[in-house]
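Asks: Work out the full structure, taking the sequences as your base and the hints as a guide.
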Amino acid sequence: MDRNRKWVPGLGAALLILLCHVTSALEVPLDPKVLEGLPQPPTITLQSPKDYIFDPRENIVIHCEAKGKPTPSFSWTRNGTHFDVEKDSNVLTKPGSGTLVIDISGEKAEAYEGTYQCTAHNEHGTAVSNNIVIRQSRSPLWSKERNEAITVQMGVSLVLQCRPPAGLPPPVIFWMDNNFQRLPLDKRVSQALNGDLYFSNVLPEDTRSDYICYARFPHTQTIQQKQPISVIVLNNSPEGERPPGFMMPLGPASAKMVLRGETLELECIAEGLPTPDISWQKDGGELPSSRMSFHNFKKTLMISDVNEADAGDYRCSATNNLGNAHHMIKVSVKAAPFWVSAPRNLILAPNETGILTCRVNGEPKPKITWFVNGIRLENAPEDHSRKVEDDTVILSNVQTGSSAVYQCNASNEFGYLMANAFVSVLAEAPRVLTPPNQVYQVIANHPALLHCASFGSPIPTITWFKDSQTSIRNGDPYVIHENGTLEIHVAQPLNSGKYTCIATNNLGIRENHVFLEVKEPTRILKQPEYKVVQRGMSAMFECKVKHDPSLIPTMTWLKDSGELPDDERFVVDTDSLTIKDVTDEDEGTYTCIMNTTLDRDSASAMLTVVEKPDPPTDLELTDQTERSVQLTWIPGDDHNSPTERFLIQYEDLLHQPGVWVNLSEVAGTSTTARLSLSPYIYYSFRVLALNRVGYSRPSQPSRQYRTNPAAPDENPSDVKGVGTEPGNLVISWTPLTGFKSNGPGLEYKVLWRQKDTDGEWSSRSVANVSQCVVSGTPTFQPYEIKVQAFNDYGSGPEPEVMIGYSGEDLPLSAPESLQVMVHNSTLAEVHWEPVSIPSVRGKLQGYKVYYRRERGLHATEEETDQEEQVLTFSGNRSEGRLPGLQPYSLYNLFIRVVNSKGEGPQSSSKTFETPEGVPGPPSFLNVTTSSLDSLTLQWGPPMNNNGRLAGYTLKYQPVNNTNELGPVKVMMFLANETTTTLGNLNSSMLYKFYLSAKTIKGSGPIVTEEAFTVIDTAVPSRQVDIATQGWFIGLMCAIALLILVLLIVCFIKRNKGGKYPVKEKEDAHQDPEIQPMKEDDGTFGEYRSMESDTEDHKPLKGSRTPSNGTVRRDESDDSLVDYGEGGDGQFNEDGSFIGQYSGKKEKDTHEGNESSEAPSPVNAMNSFV
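For what it's worth, my numbering labels the leading residue of the sequence shown as 6, then goes sequentially.
Accuracy of the hints is not assured; some may be wrong.
To be verified - For lysine-lysine, the following BS3-like pairs were computed, each having C-alpha atoms within a straight-line distance of at most 25 Å: (1) Lys372 to Lys339; (2) Lys339 to Lys287; (3) Lys335 to Lys261; (4) Lys551 to Lys564; (5) Lys72 to Lys99; (6) Lys287 to Lys192; (7) Lys725 to Lys754; (8) Lys303 to Lys261.
Note that these hints are calculated values from the structure, not bench results.
Replies: Pasting the structure below:
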């Protein structure tokens, strides 16, 4: 039966199942417990390389080690014949191996050169090593020769040959001078791969007598040198410029063969003047950039790890300004034999079939030869179960005792490969090699691998069970691999539990238990964020993590992938990193790493340290003109915050020394600015840089730059002409600053003339002032004015003409034709005829209306002195409204015109009357009690009748205990009536009164008042308390008498030892004290004052309790409990008293609600019902 088997390493053991067609290939594990008693043919584990070059000063060590059961024995052949190591005293074999140590210290090393092969043998087969060629390293001396001096003309090409002696291995070549200094190499002078020194063209400086070629032999570490070569370069007939030509290789084309896997070296060296440049390309393809490199100033192209695709035509080109040359190199790729699939060891059970395959490739195609136990199959004993088909050996129906070691040899002209593969026929019961009860921990959503490494022959079949019950089959989410490993693609918490693997073959069965724990993943919930921090401040990176509670996490912080600096400024907390007093060196990438035993998570963030920029430097002034200069500077370090702009300031050393003024701003990318200048300034400039953090310190000032004086460029601003007195005109302006004066001797020429006349301009020159006073002007006339600046170098531009006015005087006229229209009792409108403009004699500001209330129109009103009122109406108006007048009054008014100088004469007076209006409220309203059902009201007339008083209107309505208003009653009174008595009112009732006065225009505002029909200081409440009712007092007396009878009965019962009937109830209620009636008035509790009634302590609807809702406690300790065995004071359901009274008890024995006050007797009364 064919089964695929493979042995792979496990914990403490290795089990590798190797599939070879239908072959079961099993490598025996190295676990001693498994190996004990298990036969195994030999396997070569260590051997020397095929080509072994030894140093004659050291011993020769030829390695050969093997494993097997029983332990193999070793033998050697040299040059194809048996090498008896025991007969040679210079040859020792290392114990436990076949390694040879040959002592050549006293012998000629050449005697031990040759081809060696090691054989390892036990009773199950024979394994052989590669053929190991042993050769001695050689470093021969240079042959004696005399080198003649070489004389060449300047510009020609030259080759200095090295030709080192043949060594083993080949020597390393380099050129030096007598001082052991390497000769400088460049594009013109270069060393070829063969060691020769090439000059594309020679120069006079190439003349020297110490061109020395050195050869260093690696194995012996010796250096040989060639005789020095002298070169003399003449300049009497120099070679002219010429196009390139190739010095090596010669001709237009050449060929190169390289073996697969080696490094291809292509070389082109060209001569010419000027020195040519070399370039490479591959015809019909691209150069392999990942494996390609240029050397020797691009004269050498190297391609590593050559494969078949690298074959083809390679073109090297030499180019200078006179032309180019090309050389084609045809590259062919051959291959020594290389493995496609080497034969693998087979462990077969009896009667199984196995296949050995030996698949190789190469160019030319390798020849395959099979051996068994070191003997060619053609010469080995015939075995009918064995069949050979080229690269395959088929072993059918193997039997115990047919174990052997097979060798496959593949060779072509470039080398050979040889491999050993044993076939071991075993019959073994299953063994589980994975340790028992092993616990596997994985992170959720990751793969889980549960191993079941086993050994047996035939190969055991592996089955899995979960929790010892559920059989696991291939398929989601489980995969059972050929080596028995159970894989869960995406492990989840529900996959946790106990797993059992069972290994079975026809010789037995074994089982093993493992456990799987699926843990929560470690996740960084809040990652550190990018920080931009100013130098000297603090930076904090947060790193909040969630992890499985059963795993112990470890947080680590890194800076730029390395450890944090050992600095106390770095403070690591549970979930954060704080960097105090940040410096420039703290800038970088900070990484938070959270590790557990199973997984890790990490997150990174950058820290950028910023600061104000450094000041610009090297200020320079160029391109200077009269009115401009070019300023350039070098920006300072921006400290990671890009410069947004540059601010250019100047100092005027002539006019304002020490004062720096902003002149211009330019973008942060600029380093130059064209500055506009003014004349007659001693400039010094400085520059400040601005970034997001702030302005830099100012740069050092530039050198001083003085501009020449010139005439003013502008005239004074804010020119105004205003008269301050009648007959004058004050012309004022804002003077030019020294910066704008443009030169010395600054003065102002003031010009004026009356507007709309063709008169000449009057003028006056002034200096160091900002105004000029012109006298003798007519009153308030327009003037054209202008002010021009001039200095010692000329006048400024033609000034702009402004309009001003001469001084004003008081108006001459008063408004006329006054008329008044009365709109209502509080508003009137006045009209007038405006005065003429010339009579205003100034700028018209408006009109002022003066009015006063002379008296009221009511005959009985007393005369009062009223204050005069003024209203101003701006502009050229002819009417205005007078609001807020008092009704039924006589008013007087007059008007004045107003200009900027003042008011004109008043107009003639005008009187008018206002009609009647509604009166004011009565001056007071008082309510007094006449009897239980009547109230007396008194009031006073209004302070302002506003007309003829027609009478009063009184409205009133009752208010019940719930503050609900009753029906309204209305009464009318004459103007001379100020008192009335209302009878037939409800007793103990609150009434609300509303009183207003009226004229023919209507009723005025009301005054209100409230009053009770009964006013008793003992009952100040607004409520009707039942405690004051006679029937209620009688009822309470009856209840008190009944309680007294009950107390007497209880006392008698107690003395007789009997039980009070209410004792059948549990003591579940508190026992507040009894509230006796007040002795003085027979009422319960206290009444509230009238003031308390006005607050929020109003009774609920339908309540008839006293106003404060409780009854005042007395100091009596009398209770039912004091006279009997107590209870909650209740009777049974026979209709007897269920009261609220109970006596004192200790508080810790109470149950139910507790209270410090006794219930109301009203409730006690209600209990009867």
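Asks: So, for every hint listed, does it hold in this structure?
Replies: How the hints compare with the structure:
1. Distance restraint check for lysine 372 and lysine 339: the Cα-Cα separation of roughly 15 Å lies within the 25 Å cut-off, and the hinted pair is therefore satisfied.
2. For the suggested pair lysine 339 and lysine 287, the alpha carbons sit about 19 Å apart, so the restraint of at most 25 Å is met.
3. Our distance criterion of 25 Å between C-alpha atoms is met by lysine 335 and lysine 261, whose separation comes to about 6 Å.
4. The straight-line distance between the Cα atoms of lysine 551 and lysine 564 is roughly 23 Å, inside the 25 Å bound, and the hint therefore holds.
5. Distance restraint check for lysine 72 and lysine 99: the Cα-Cα separation of roughly 15 Å lies within the 25 Å cut-off, and the hinted pair is therefore satisfied.
6. Restraint check: the Cα-Cα separation between lysine 287 and lysine 192 comes to about 22 Å, which is no more than 25 Å; the hinted pair holds.
7. Between lysine 725 and lysine 754 the CA atoms are separated by roughly 14 Å; this keeps the pair inside 25 Å, and the hint holds.
8. A distance of roughly 18 Å separates the Cα atoms of lysine 303 and lysine 261; the hinted pair therefore holds under the 25 Å criterion.
When each numbered hint is compared with the structure, no violation occurs for any of them.
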